[in-house]
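*Asks:* Here's the letter readout for the chains.
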Amino acid sequence: MNIFEKMMSIDRRWVFLLLAVVVIGTYAVSFEIPIRVNSEVRNIYEFIDKLQPGEIVYLGVDYDPSNQAELHPMAYAVMEHCFRKKLKIIFCTLSQYGPGMVDGAIKDITDSMRVEKTYHGVTYPGRELVNGEDYVFLGYKAYFALQILAMGQNFRLPFPVDYYGRPLDERPMMKGVMNYKQVACVVALSGGNITEAWISYGQGRFNFPLALGTTGVMAADYYPYLNSGQVFGLMGGLLGAAQYEKLSDNPGPAIDGMRVQVFAHIVIIVFIIIGNIGYFTERRRRAKEGR
Amino acid sequence: MDFETFLWTTFAAFVTLAIFSFLYKDNPFYKFAEHLMVGTATGYFSVLLWHNNLYPNLFQKLADGVWWYLVPGFLGLLMWTRFSKKYSWVSRWPMALYIGISAGLAIPLEMSNRVIKQMHAMMSDVSWGSFFGSGIFDSQSGLSDLIILIGALAALAYFFFSKAHTGAFGGFAKFGIWVLMIGFGASFGYTVMARISLFIDRVQFLQKTWIYNAFDSSAAGYHSGYQVAFFVVVLAILAYIAREIWVHLRKPENIS
Chain A
0 MNIFEKMMSI
10 DRRWVFLLLA
20 VVVIGTYAVS
30 FEIPIRVNSE
40 VRNIYEFIDK
50 LQPGEIVYLG
60 VDYDPSNQAE
70 LHPMAYAVME
80 HCFRKKLKII
90 FCTLSQYGPG
100 MVDGAIKDIT
110 DSMRVEKTYH
120 GVTYPGRELV
130 NGEDYVFLGY
140 KAYFALQILA
150 MGQNFRLPFP
160 VDYYGRPLDE
170 RPMMKGVMNY
180 KQVACVVALS
190 GGNITEAWIS
200 YGQGRFNFPL
210 ALGTTGVMAA
220 DYYPYLNSGQ
230 VFGLMGGLLG
240 AAQYEKLSDN
250 PGPAIDGMRV
260 QVFAHIVIIV
270 FIIIGNIGYF
280 TERRRRAKEG
290 R
Chain B
0 MDFETFLWTT
10 FAAFVTLAIF
20 SFLYKDNPFY
30 KFAEHLMVGT
40 ATGYFSVLLW
50 HNNLYPNLFQ
60 KLADGVWWYL
70 VPGFLGLLMW
80 TRFSKKYSWV
90 SRWPMALYIG
100 ISAGLAIPLE
110 MSNRVIKQMH
120 AMMSDVSWGS
130 FFGSGIFDSQ
140 SGLSDLIILI
150 GALAALAYFF
160 FSKAHTGAFG
170 GFAKFGIWVL
180 MIGFGASFGY
190 TVMARISLFI
200 DRVQFLQKTW
210 IYNAFDSSAA
220 GYHSGYQVAF
230 FVVVLAILAY
240 IAREIWVHLR
250 KPENIS
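Those protein sequence lines, which keep their order, are chains A and B.
Letter by letter, the first sequence follows residues 0 to 290 of numbering that gives the first Met the number 0.
Letter by letter, the second sequence follows residues 0 to 255 of numbering that gives the first Met the number 0.
Some hints here could point you the wrong way.
What the hints assert, rightly or not - To spell it out: a stretch of chain A is covered by chain B in this simulated footprint if at least three of its residues, at any positions, have a beta carbon under 8 Å from a beta carbon of chain B; those stretches are: (1) 205-216; (2) 253-263.
Said to hold, decoys possible - Only pairs whose alpha carbons sit at most 20 Å apart, straight line, appear in this in silico DMTMM-like list of lysine to aspartate or glutamate: (3) A:K84 with A:E132; (4) B:K24 with A:D10; (5) B:K250 with A:D10; (6) B:K116 with A:E195.
Hints listed in this document are in silico derivations from the structure and should not be mistaken for laboratory results.
It should be emphasised that the depicted structure is a prediction, and the values quoted were computed from it without experimental measurement.
For glycine and all other residues, C-beta sits at the position ideal for the given N, C-alpha and C.
Construct the entire structure; sequences and hints are all you get.
*Replies:* Structure below.
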């Protein structure tokens, strides 16, 4: 086996090992990298930023723990932004493993909101979030497409009671809130085909402003919906979350992760180059030999 | 962090490392973690379906005297005939009803929102007024509109087989291949980022939630002695794995 054949057949475990060393090693060094904000993420931030206190945002936490790494930072950044602006949030999850994650996130944000914080030079005093007044967590129901359609008629159809077992009619925030018409926008964070359901059965049927947060794997597939105007904003993967964190002046795990991404990508690019050099050189050598 | 949380977090760290151990080779630790996840997820989902769907949507309704819910309940029961060779045909009735309703809901909405609106967007006017938008990479600029229009037509030309791919049309179709490759490349790039993100999340968990919080929840600084200890331990494990790989690769049967 010559060197070029070896370049094409490096044991994959060396790649994993080097990636692990680079990812863990990069964490040991603290430094900042510039993050350029795309218009699709800026649209979401500016839309929410312009809403008036008391307006309602529907936040769909429609993902499993397997997508938590990319989508949870988005959820936290949007929640913090909304609550600091004194907006109200309707939480819902159409993913079976979502309820625990939403409940945990609400507890975390409730703790965070008790602390005075400054974003973009504006100091927001700490306050106590009240369940039923500042937010409502509807819970989970199976068959996401049917639930999206049902909520378009009335949130009470699929969710007569919230996650904590209290009737929606008894929640002060839900007075006069029947369906998507009373919601300023829907931010759907999803790691699967629930995103498509939000476009077809939600926005397409009820015509509300829809913003998406997707995993990196899916992000490229949803840009056409931006162009068509069916979606007004899109956050793709950890990069999308980092951009939202940067816009809201609230650095979190996404920005923390992006500096590691840079070096991990360099490793992968180097291996791609090595593999390609090996492939093309070997192909040329074989062509010369007439094989 | 209390002792109970510490134990569970340590168990989560063990399971995380057990899953990653598959990258080296299949082993009993990975098998244990894999089966544990599948079993736990199935159990959790079953209980969730009972409490969130079956009980409130069927049994509670029947208890409230809404008897016509017996019909969907009966149709649901018919699905279980799939397990009988003799009566499995009966399950086609509820299946037919389910597929009929789904198709009725899906076809008009999917056609309108994922075909017609997409075609309309592709054929819309190019925004010449804001041709460059906020920059050359602005996805909502006129330039982007033009690229989408030409790119979509070229990609479609590549799949148009009623005309030979020669001359100008052949060149346009070849440009279509490039458009498709750029699209696949964008997806691949995002996929790499997604996979690395998952690994970063686990490293964050091991570092911040497990080691850092478990041993020193009062420390506020980012760099602590435990963090250094964490890196030393992880690097030692990685060095051991590297040595194992090296030994494996040096075996005569693996040297070609």
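*Asks:* Would you check chain B against the segment 253-263 of chain A, counting CB to CB pairs closer than 8 Å, and say if three or more residues qualify?
*Replies:* Answer holds; 5 residues pass the 8 Å Cβ test.
*Asks:* Holds or violated: K24 of chain B with D10 of chain A, Cα cutoff 20 Å?
*Replies:* 12 Å, holds
*Asks:* Measure nothing beyond the straight line between the CA atoms of K250 of chain B and D10 of chain A; if it is 20 Å or shorter, mark the hint as holding.
*Replies:* OK: K250 of chain B and D10 of chain A at ~14 Å, within 20 Å.
*Asks:* Verify the proposed pairing of K116 of chain B with E195 of chain A, using a straight-line Cα cut of 20 Å.
*Replies:* Holds, at roughly 14 Å.
*Asks:* Check, residue by residue, whether the segment 205-216 of chain A contains three or more positions whose beta-carbon lies closer than 8 Å to a beta-carbon of chain B, and give the verdict.
*Replies:* Since three or more residues must qualify, the claim that chain B covers the segment 205-216 of chain A holds, with 3 doing so at under 8 Å.
*Asks:* Would the hint linking K84 of chain A and E132 of chain A be met if the CA-CA limit is 20 Å?
*Replies:* Status holds; Cα separation ~14 Å.
Going down the numbered hints, you'll see the structure goes against none, and every one checks out.
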